[in-house]
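Use the sequences and the hints to build the structure in full.
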Amino acid sequence: MGILKTFWGFRGFILGSVQREFQANYKNSLLGAAWTVIRPLVMIIVYTVVFSQIMRSKLPGVESEFAYSIYLCAGVLTWSFFSEAVTRGQNVFIENANLLKKINFPRMCLPIIALTNALVNFLIIFALFTVFLLVTGAFPGKIFLALIPVLAIQVLLSAGLGLTLGVLNVFFRDVGQLSAIVLQFWFWATPIVYPINILPPFFQQLLSHNPMTHLMAAYQQILVNGQRPDWMSLWPITLIAVVLCITGARLFSKHAGEMVDEL
Amino acid sequence: MGTISVRDLGKAYKQYPTRSARLAEWLIPFSPPRHAQKWVLQGLNFEVKPGEAIGIIGMNGAGKSTLLKMITGTTEPTTGSVNVTGRIAALLELGMGFHPDFTGRQNAIMAGQLLGLSADDMRSLMPEIEAFAEIGDYIDQPVRVYSSGMQMRLAFSVATARRPDILIVDEALSVGDNYFQHKSFDRIRAYNKLGTTLLIVSHDKGAVQGICDRAILLSGGSIAMQGSPETVMDYYNAMIAERDPANVQQVLGQDGNVQTISGTGEARVIKATLCDEDGKPVEVVKVGQSLQIQVEVEAFADLPELVFGYQIKDRLGQPVFGTNTFHTKQLLQDLRTGQRVRYVLRFLANLGEGSYSISFALHDAENHLAKSYEWRDRAIVFNVVIVGKDHFVGLAWLPSSIEVQRD
Numbered sequence: 001m002g003i004l005k006t007f008w009g010f011r012g013f014i015l016g017s018v019q020r021e022f023q024a025n026y027k028n029s030l031l032g033a034a035w036t037v038i039r040p041l042v043m044i045i046v047y048t049v050v051f052s053q054i055m056r057s058k059l060p061g062v063e064s065e066f067a068y069s070i071y072l073c074a075g076v077l078t079w080s081f082f083s084e085a086v087t088r089g090q091n092v093f094i095e096n097a098n099l100l101k102k103i104n105f106p107r108m109c110l111p112i113i114a115l116t117n118a119l120v121n122f123l124i125i126f127a128l129f130t131v132f133l134l135v136t137g138a139f140p141g142k143i144f145l146a147l148i149p150v151l152a153i154q155v156l157l158s159a160g161l162g163l164t165l166g167v168l169n170v171f172f173r174d175v176g177q178l179s180a181i182v183l184q185f186w187f188w189a190t191p192i193v194y195p196i197n198i199l200p201p202f203f204q205q206l207l208s209h210n211p212m213t214h215l216m217a218a219y220q221q222i223l224v225n226g227q228r229p230d231w232m233s234l235w236p237i238t239l240i241a242v243v244l245c246i247t248g249a250r251l252f253s254k255h256a257g258e259m260v261d262e263l
Numbered sequence: 001m002g003t004i005s006v007r008d009l010g011k012a013y014k015q016y017p018t019r020s021a022r023l024a025e026w027l028i029p030f031s032p033p034r035h036a037q038k039w040v041l042q043g044l045n046f047e048v049k050p051g052e053a054i055g056i057i058g059m060n061g062a063g064k065s066t067l068l069k070m071i072t073g074t075t076e077p078t079t080g081s082v083n084v085t086g087r088i089a090a091l092l093e094l095g096m097g098f099h100p101d102f103t104g105r106q107n108a109i110m111a112g113q114l115l116g117l118s119a120d121d122m123r124s125l126m127p128e129i130e131a132f133a134e135i136g137d138y139i140d141q142p143v144r145v146y147s148s149g150m151q152m153r154l155a156f157s158v159a160t161a162r163r164p165d166i167l168i169v170d171e172a173l174s175v176g177d178n179y180f181q182h183k184s185f186d187r188i189r190a191y192n193k194l195g196t197t198l199l200i201v202s203h204d205k206g207a208v209q210g211i212c213d214r215a216i217l218l219s220g221g222s223i224a225m226q227g228s229p230e231t232v233m234d235y236y237n238a239m240i241a242e243r244d245p246a247n248v249q250q251v252l253g254q255d256g257n258v259q260t261i262s263g264t265g266e267a268r269v270i271k272a273t274l275c276d277e278d279g280k281p282v283e284v285v286k287v288g289q290s291l292q293i294q295v296e297v298e299a300f301a302d303l304p305e306l307v308f309g310y311q312i313k314d315r316l317g318q319p320v321f322g323t324n325t326f327h328t329k330q331l332l333q334d335l336r337t338g339q340r341v342r343y344v345l346r347f348l349a350n351l352g353e354g355s356y357s358i359s360f361a362l363h364d365a366e367n368h369l370a371k372s373y374e375w376r377d378r379a380i381v382f383n384v385v386i387v388g389k390d391h392f393v394g395l396a397w398l399p400s401s402i403e404v405q406r407d
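Chains as they are written, first to last, in our numbering: chain A, 1 to 263; chain B, 1 to 407.
Keep in mind the hints are simulated off the structure, nothing from the lab.
Fair warning: there could be bad hints in the mix.
[Unchecked claim] Here are the simulated lysine-lysine pairs, BS3-like style, with alpha carbons at most 30 Å apart:
| no. | chain 1 | residue 1 | chain 2 | residue 2 |
| --- | --- | --- | --- | --- |
| 1 | B | K183 | B | K313 |
| 2 | A | K254 | B | K38 |
| 3 | A | K101 | B | K14 |
| 4 | B | K49 | B | K64 |
| 5 | A | K254 | B | K64 |
| 6 | B | K193 | A | K102 |
| 7 | A | K102 | B | K64 |
| 8 | B | K49 | A | K101 |
Next comes the structure, spelled out in structure tokens:
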């Protein structure tokens, strides 16, 4: 309870920082916040062109002109949020080394700011994507709300992983380098760009052990097929997320003091 | 409110022999510690009462910053405890967290929030902050167009907008111009009078003697002495002078005063000490004090002629006074290798407040241009403070009086 009260006291700082970091990215550019959208948009266009047009891949069982684009967005947008949140989380203490060394303030504010920033960026893009769904008539209806619990699991996972890596990264800088590679690899080992059923059975079996496969499948199920996700398949990842959050919090409380000496 | 109590405080940094040693210590259960502890502070005990002004002095590396970090709470002590009551404002972090692309006003509000004030508080404090910083329209310009002095002004105004219970002042304060330095010190003094506890860290002996009620001398990670600023300063001076010349050179080097030595080396100054009239080494000099410099010179070759010269320079390197034994007709002739000469220079420090350095020259003939045995810049650095005299400005102390007649 005490910790929540502290955050409440620093809410001005947290909100201000989120706003400021968002503005700072675009302050001196002509297009401003449009860049938040342009980058993922270009990525989606590239993937759509390469995979949907050139490779002529189609989603089995779904007959819609935009089906592949929607499938792609469901995974790519949410994955970008995940990877941005984790990457920011793991660098947050190192980037703010000066602040941590000089000023006494609740250090937990920093990962919260990082996560909120990633969330804001994601919500902007996702709002646009929702508009696209409405315009093309592909909006799945009430089931859209099922995204909320799925997103909540993802936020929990990103927070736990980001915080754990963030603390570790201060002591072992290899963590930052390694996680960038792992995230890249993980992205391709999750059915985001391709549908899982184009893989040979052996790999399908292998990928089903990847907890992110089920999370992404939940998004795709809701957005592409307009159906309820398989809630049971999300239990493992929820458990992992909770364990990571506890690990991160324990690492943080144990090593927060030592962290400042190491920065 | 405003007390600091430090009990048996110690801080050690962990040093691991290899990078993987830490990993091993973390991962292997019940493993013995694999790090060595490097103690930077040990066994500190002191109490600060509300409203007291304490000076913390010590050479670089004595542990002053670490002590402050533990008092402000950014670093955790390894042993012992620090108990602080009341709100601390530390002027260590002036301008910390300012983002160059945002305006002074936006940054001021953010900086205040970082110190735990709400945005509303900050908005109501803003007019006062603007008035104190005196940076005019710049308040609504991005901070990147500010000069460093303007940033300092704004940062100081924000940090001291509310009177804290404890104020920690670092050298950071010497950035601004003289006008603002005085203004900020006035505010610090005024807060002190209202009950704010002051903790001043400085190499500037003048500041410590001017403001503080008490001084704490840190040396090698422990308290070497605490007491009245005068006594502690004297002790500090002696401690510095006690060291052999090689070490003193190093000390000077850390202050940014790098000695430049040139010449053939056929004769060298092997020892030089600035002393008061009784021959006790000093580093802080009172205006008008009678001083002597004891210099020992050794010939490392047979020299037909030896002239010794010295020069006092101000902090900008402008000569204030200089002469040599050619002009005073005390030139020496026919020195043999290994022979030593002792010079004692006596003069009155009729100098204004500030930092000065003394350079030595050893050469033949009238000046060092023909043949220079040794030229040693900034061999001695000392500070002049105004004690027992009315305040004045300038490089020189001219004993004077003002006659006032009122009709």
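Check whether the Cα positions of K49/B and K64/B lie no farther apart than 30 Å. holds (19 Å)
What's the verdict on K254/A and K64/B, does the C-alpha distance respect the 30 Å limit or exceed it? Given pair K254/A, K64/B holds - Cα atoms ~26 Å apart, limit 30 Å.
Between K183/B and K313/B, is the straight-line Cα distance small enough, at 30 Å or below? Satisfied, since the Cα-Cα distance of roughly 29 Å is no more than 30 Å.
Regarding the pair K102/A and K64/B, is the alpha-carbon distance no greater than 30 Å? Status holds; Cα separation ~14 Å.
Taken at face value, is the distance from the CA of K102/A to the CA of K193/B at most 30 Å? holds (27 Å)
Checking one constraint from the list: CA of K101/A to CA of K14/B, max 30 Å. Satisfied? Status holds; Cα separation ~17 Å.
With the threshold set at 30 Å, check whether the alpha-carbon distance from K254/A to K38/B stays at or below it. Holds, at about 20 Å.
Tell me if the straight-line CA distance from K49/B to K101/A falls inside 30 Å. Judged against 30 Å, a Cα distance of about 26 Å means the pair holds.
The structure meets every hint from the earlier list without exception.
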